[in-house]
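Engineer: Residues per chain, in single letters:
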Amino acid sequence: MTLWSQALEIARVDLQVERRLGDTARIILPFAVVALLVFPLAMGARLAEIRAIGPAVFWSLGILFGMQVALRQSATDSSTRRDVYALIGLDPVARLLGRAMSGGVLLTGFLLVLFLAMVVLYGPELASGSWWVLVVSSLLFAIGLTQLSTLAGEVTAGLRNRAGMASLIIAPLSIPLVIGASQALAAIPGGTGILPWILLMVATDMAMAVVGIGLARPLEEASR
Amino acid sequence: MLRDIDLELAPGSVLGLVGPNGSGKTTLLRLLATLLEPDQGKATILGGRSGTEEVYRARPGIGLIGHTPSLIPELTLEENIEHMARLGGHQPLRGRQALSVVGLEEVMTRRADASSHGMLRRAEVALLLLRRCRLVLLDEATTGLDAEAAGLVGALVERTRESDGGVVMVSHDRSRLDGCDSILTLSEGTVEVSP
Amino acid sequence: MSRVRASLALAAAALGVGLWFALSAPPDVLQGAYSRLLYIHASTLWLAFLAFGVTCFASIAWLIRKRPRWDRLASASVEIGVLFTAIGLVVGMIWGKAVWGIAWDWMDPRLATTAVMFFVYLGYLALRAATDDPVARARRSAILGAIAVVQVPLVYFSVNLFRTLHQTQSIRPDGPTMPDEMVTALLVNVAVFTILYVALLWVRVDLARAEGTKSGVGLVAGEAVKPPRINEVKDV
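Chains as they are written, first to last, in this note's numbering: chain A, 1 to 224; chain B, 1 to 195; chain C, 1 to 236.
Chain A on its own, in the form it takes in the complex (with noise of 0.2 Å):
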């Protein structure tokens, strides 16, 4: 089997299985637009500034919670279950690529549903033209984020508190996906380029692939 049809392997079964858990549509994604609910009564439903303030909430909770669909239990090897895999002949890589794809097709409509239940509950001014920036922005910072807490998440496999472990770890490096999408739908009302802060996404996801590329046998090796 070539490396990609080994990830797509692996990405198949990770949506098989979380199709049966169910964790991101009846756990993470009511949670995350239960976290919508609270910023506006924590602020006294001051109209004018949660309009302002739905887009930027939209993404730091699509981070916080985009972590939690990254991380989750139906995407978590045994141990036993990576040595059959390392046996078996699966490439690490093929291993990570697999897991970030499905990790990226449920965190993206994850990501609009999210998005939706902001507009509706938010009521934004959103300029025209934000609806396919709002889609692309989605698509990069679901793949670097998908990414990032692959890579998070085989670093602290096995350890105690590793949802809390890979946590602190992602939030922080994530901050340029948050940065690049917020202001890239913040700049289409005030005319300013887009392009830099696509740009910005762009070159995370890519450092992201490469060291993901780079690291993988040493990561599953250190995991033993």
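Think of the hints as simulated: they come from the structure by calculation, not from any bench. Glycine included, C-beta positions come from ideal geometry on N, C-alpha and C. It is possible that some hints are incorrect.
[Unchecked claim] A partial selection of chain B residues facing chain C, derived with a Cβ cut-off under 7 Å:
1. ALA155
2. VAL157
3. ARG159
Dock chains B and C against the given chain A, drawing on the hints supplied.
Structural biologist: Quick look at chains B and C alone, frame taken from chain A:
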């Protein structure tokens, strides 16, 4: 910690490893599986020298049944075997055949997390049958199995022996290693050959 | 015709009657035709309250008697209650956008409390889905189902506790605040949705009973696993 391990396994032979808890049996098995590297000295497994790229080419010839089951809990037994078969470049249909031979044809649509320990072990044996490994490593593989399933593990061992492969069986109970050509006892991190 | 089909047929017929009354009632002077959405909005939320009340009752019954039928009733009622709450919220948002100009008003505590109630019961369903053992699932759900009902009076009385954009109760002890035709249409639709609730509850409980039976039927322990075919091991 293991030390002074000098081991050679001839084709067609079955080696038993016995020792008390914590004596390093599983560590030695994982070294033989190329999943660990020795800190000193060298290990050559199926022609692949440890610490080199050759190890990755040798691994598809190595099969391991470890302490805990390796199946994905949310998938059925059939889906698990087909998944592993695809990753290893085998025909998924052969996976179903293997599950049938090990006696799981009526329950192959049962999820792994709804299956008993014995059923999971049989499924893992099915995977090894499918892969036709040249080196089979069994870590307490018959623990908790009924006589039929233990006989299945024995059949796997015999098939590997007859095809000039090698088998290493680990147990804390010497009586489970009666069919082995030789038995090594692990004690205080080193081995002693038993007659 | 089975009783489930009969109840669904009755519910469908009742929906037709409710629709006729809703369309026949005069439109509101200020809201126009959009006022008809309130028959659905108010009815579904009323029935959500009923559904969650039934869940509370069934949960307490399970905690006392430990009979599976109470667990089936509690969970089926939550599923329907969550569905009705979602419909009520969506219809309310459509109405709010058309009449108030905004789909979601943060100054309205009834909206926020209803949304919170929705998510709590969504959490109830997630908890059930995450628990494999039937007894543990029933116990945890029963505890949550008994506690979560406190939100129902909170949602209902929120319009009285806070001065908000939201309409206060239309049918009060001192008399309704709407014309008689609208009151009739509202009450008919409440009855219609009650029939729909009962029909759906019946269907869902029947399904849960069948699912419970199926998981216990089949191979007897010991028959599931066949003897391995040792002589075929070489051929795999």
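Engineer: State for each hint whether it applies.
Structural biologist: Okay, the hints, checked on the actual structure:
no. : hint   : verdict
1   : ALA155 : holds, 4 Å
2   : VAL157 : violated, 10 Å
3   : ARG159 : holds, 6 Å
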